[in-house]
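Chemist: Each chain, letter by letter, is given below.
Protein chains: 2
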Amino acid sequence: MEHKNGLLIVVSGPAGSGKGTVLSDLIKDKNYRYSVSATTRAPRPGEVDGVNYHFLTREAFEARIEKGEMLEWTEYCGNYYGTPKKEAEEVLASGCNLLLEIEVEGACNVKKVYPQAVTIMLLPPSFAVQEARLRGRGTESEEKILARLAQTKNEITHVGDYDYVVYNHDGMADKTAEDIRAIVRAEECAVRRQGDVAGSYFGSAE
Amino acid sequence: MEHKNGLLIVVSGPAGSGKGTVLSDLIKDKNYRYSVSATTRAPRPGEVDGVNYHFLTREAFEARIEKGEMLEWTEYCGNYYGTPKKEAEEVLASGCNLLLEIEVEGACNVKKVYPQAVTIMLLPPSFAVQEARLRGRGTESEEKILARLAQTKNEITHVGDYDYVVYNHDGMADKTAEDIRAIVRAEECAVRRQGDVAGSYFGSAE
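Line by line, the protein sequences are chains A and B.
Here the first sequence is numbered in the working numbering, starting from 1 and rising by one per residue.
Here the second sequence is numbered in the working numbering, starting from 1001 and rising by one per residue.
Read the hints as simulated data drawn from the structure, not as lab findings.
One or more of the hints may lead you astray.
What the hints assert, rightly or not - DSBU-like mimics (lysine-lysine), calculated; alpha carbons at most 35 Å apart, straight line:
#1 K153/A / K19/A
#2 K1085/B / K19/A
#3 K1028/B / K111/A
#4 K28/A / K1067/B
#5 K1153/B / K1004/B
#6 K1175/B / K1067/B
#7 K1112/B / K4/A
#8 K28/A / K1019/B
#9 K1030/B / K30/A
#10 K1085/B / K153/A
#11 K1030/B / K19/A
#12 K1144/B / K1004/B
#13 K153/A / K4/A
#14 K111/A / K1086/B
To be verified - Per the computed footprint, the stretches of chain A lying under chain B, defined by three or more beta-carbons under 8 Å from a beta-carbon of chain B, are:
#15 26-40
#16 64-72
#17 152-163
As the list claims (entries may be wrong) - Estimated spans, in silico, between C-beta atoms of each pair:
#18 T1139/B / T21/A: 18 to 24 Å
#19 G1138/B / G95/A: 47 to 53 Å
#20 N31/A / E1105/B: 21 to 27 Å
#21 Q151/A / G1050/B: 53 to 59 Å
#22 D49/A / S1024/B: 54 to 60 Å
From the three backbone atoms N, C-alpha and C, an ideal C-beta is built for every residue, glycine too.
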C-alpha cells in the first residue's frame, strides 16, 4: 500500500458548541494532531518556544505572511496568530490528520488555499440550547453572552461554505467525535482523493 | 427533530469483490434495507409475489419503464429486472437507507435520475487478489473467469463516476461494511443535504 497523506480537518463552531470537548476526544487518537501555531504575543511563564507556540516578532510574522508561508492567520487583540504552512505540511506528510480549530473567515480562507481541506461546522443542537449553555457557565457577563449570540447569527450564514455540519448534543461529545471520525473515514474513500484507481488496481499486487 | 429520509446507497463491484458478504453484514442493521425488485422471469417454486420479486409480464414491465416508474432496470438473459420507484421511495420515506446492488451502467443511470444517491464502487484490494479469489472458488470455467476479469477492466474505467471507492480486503468484510456505514454517517452530515440550517437552528427548540 502506498503511503497516504493525512487530511486537513478544519473545525469551526460558535461559543457553546463544545468544540473543546469534542476535539480533545479526537486528539486522543494518534492519527489526529494539532500543529504548533505561530503568534506575536509574548510567551507566558512556562510556555516553550516551538512547543506551545512559535513565538515570532511582528516583523517576522508579517514577513511570513508576505512570503505565503502561513496557511491561515488572524489578528486578535493586537497580536497575530496563525498556522505555518510548513508545520501543517509536516503533520500531513506523516500520515496524521491535522485538526485546525479556526473561526469562519479563517476556515473559508484555508479552503481557498487548500481545497482538499475538509471543513466542518460544529453547532449546538439549537440556538436555545446554545444560549442555555452560555448562561449556564455563569462565567461571562450578560454583555459578552449577547455579543457571542449575535456573532453566531453571522457565523451561521456561512454554513453553506462548509462541507459538513455536525450537531453536538448535550452530553454526547463522544458521539459527535464519532461523527467527525466517520467524516474523515468517508473522505478517505472519496474517489476524488484516490488518484489513479485503475492504475494501482491493475499494477499492484498486495 | 424533523423526520429525515433515508439515503439511496448504490453499490457496484466486480465478481470477487465480496459484495454479497459486505451487504449481508450491512443489512443486519435495521436502518438498511433492500427494496423488492420487479422481474419478468417466471417465479421459481416457493417464490412469493411481492416478497421475493414483483412478478410482471413483459408488457406490464415495459409500460412501467415508459411511464418512468422504474428507478433503474436492465435486461439479462431475455428477462427484465429493475427497481420500482415507488418501492424505493417508500423505503426512503420510512427513514431507512435503501441498498441497491447494481452494475456500473445502472449505477450511472440511477445517479442521473436521483442525484442524491450515494454511489460506491467496491473493489478487491488488487486485480491479482481478484483473480486469486475467482480461481479459488473453483466453481467457474476458465472461460467464465477470463470473461469476468475482462469485464472488470471495463468497469473500473467508470470509477470516476462514483462518489466513493471502498476496498474489500481478504477476511475483512466487517471493516469494509464499517467503511460504508461511515460513508453514510458522513453523507448525513453533508451541508448540501441539510436544507435550511440557519432556519432550523434559530427556529427550533430541542
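Chemist: Give a verdict on every hint.
Modeler: Verification of the supplied hints:
In summary, the hint linking K153/A to K19/A is supported, as the alpha carbons are separated by about 18 Å, within the 35 Å threshold. Between K1085/B and K19/A, the direct Cα distance comes to roughly 41 Å. Violation of the 35 Å bound is thereby established for this hinted pair. For the suggested pair K1028/B and K111/A, the alpha carbons sit about 38 Å apart, so the restraint of at most 35 Å is broken. For the suggested pair K28/A and K1067/B, the alpha carbons sit about 55 Å apart, so the restraint of at most 35 Å is broken.
Between K1153/B and K1004/B the alpha-carbon distance is near 38 Å, which puts this suggested pair outside the 35 Å criterion. Proximity of K1175/B to K1067/B is assessed by CA-CA distance (about 41 Å); at most 35 Å being required, the pair is judged violated. Taking the CA atoms of K1112/B and K4/A, the gap is near 32 Å; set against the 35 Å cutoff, the hint holds. About 34 Å separates the Cα atoms of K28/A and K1019/B, which keeps this hinted pair within 35 Å; it holds.
A distance of roughly 32 Å separates the Cα atoms of K1030/B and K30/A; the hinted pair therefore holds under the 35 Å criterion. Proximity of K1085/B to K153/A is assessed by CA-CA distance (about 40 Å); at most 35 Å being required, the pair is judged violated. Annotation: proposed proximity of K1030/B to K19/A holds, straight-line Cα distance about 31 Å (limit 35 Å). For the hint pairing K1144/B with K1004/B, the CA-to-CA distance comes to about 44 Å; that exceeds 35 Å, so the pair is violated.
Distance check on the hinted pair: K153/A and K4/A sit about 38 Å apart at the alpha-carbon level, beyond 35 Å; violated. Restraint check for K111/A and K1086/B: not satisfied, since their Cα atoms lie roughly 40 Å apart, outside the 35 Å limit. Residue count for the region 26-40 of chain A with a Cβ under 8 Å from a Cβ of chain B: 0. That is fewer than the three needed, and the coverage hint is violated. Counting residues of the region 64-72 of chain A whose CB falls under 8 Å from any CB of chain B gives 0; the rule of at least 3 is not met.
Remark: the region 152-163 of chain A is confirmed as covered by chain B, as 7 of its residues place a Cβ nearer than 8 Å to a Cβ of that chain, reaching the required three. Between T1139/B and T21/A the beta carbon distance is about 53 Å. The supplied range of 18 to 24 Å is therefore violated. Taking 47 to 53 Å as the suggested C-beta distance range, the pair G1138/B and G95/A does not conform, at roughly 39 Å. Taking the beta carbon of each, N31/A and E1105/B are about 37 Å apart, not inside 21 to 27 Å as hinted.
The given range of 53 to 59 Å is respected by Q151/A and G1050/B, whose C-beta atoms sit roughly 56 Å from each other. The hinted range of 54 to 60 Å is satisfied by D49/A and S1024/B, whose Cβ atoms lie roughly 56 Å apart.
Of the hints listed earlier, those the structure fails to meet are numbers 2, 3, 4, 5, 6, 10, 12, 13, 14, 15, 16, 18, 19 and 20, in rising order.
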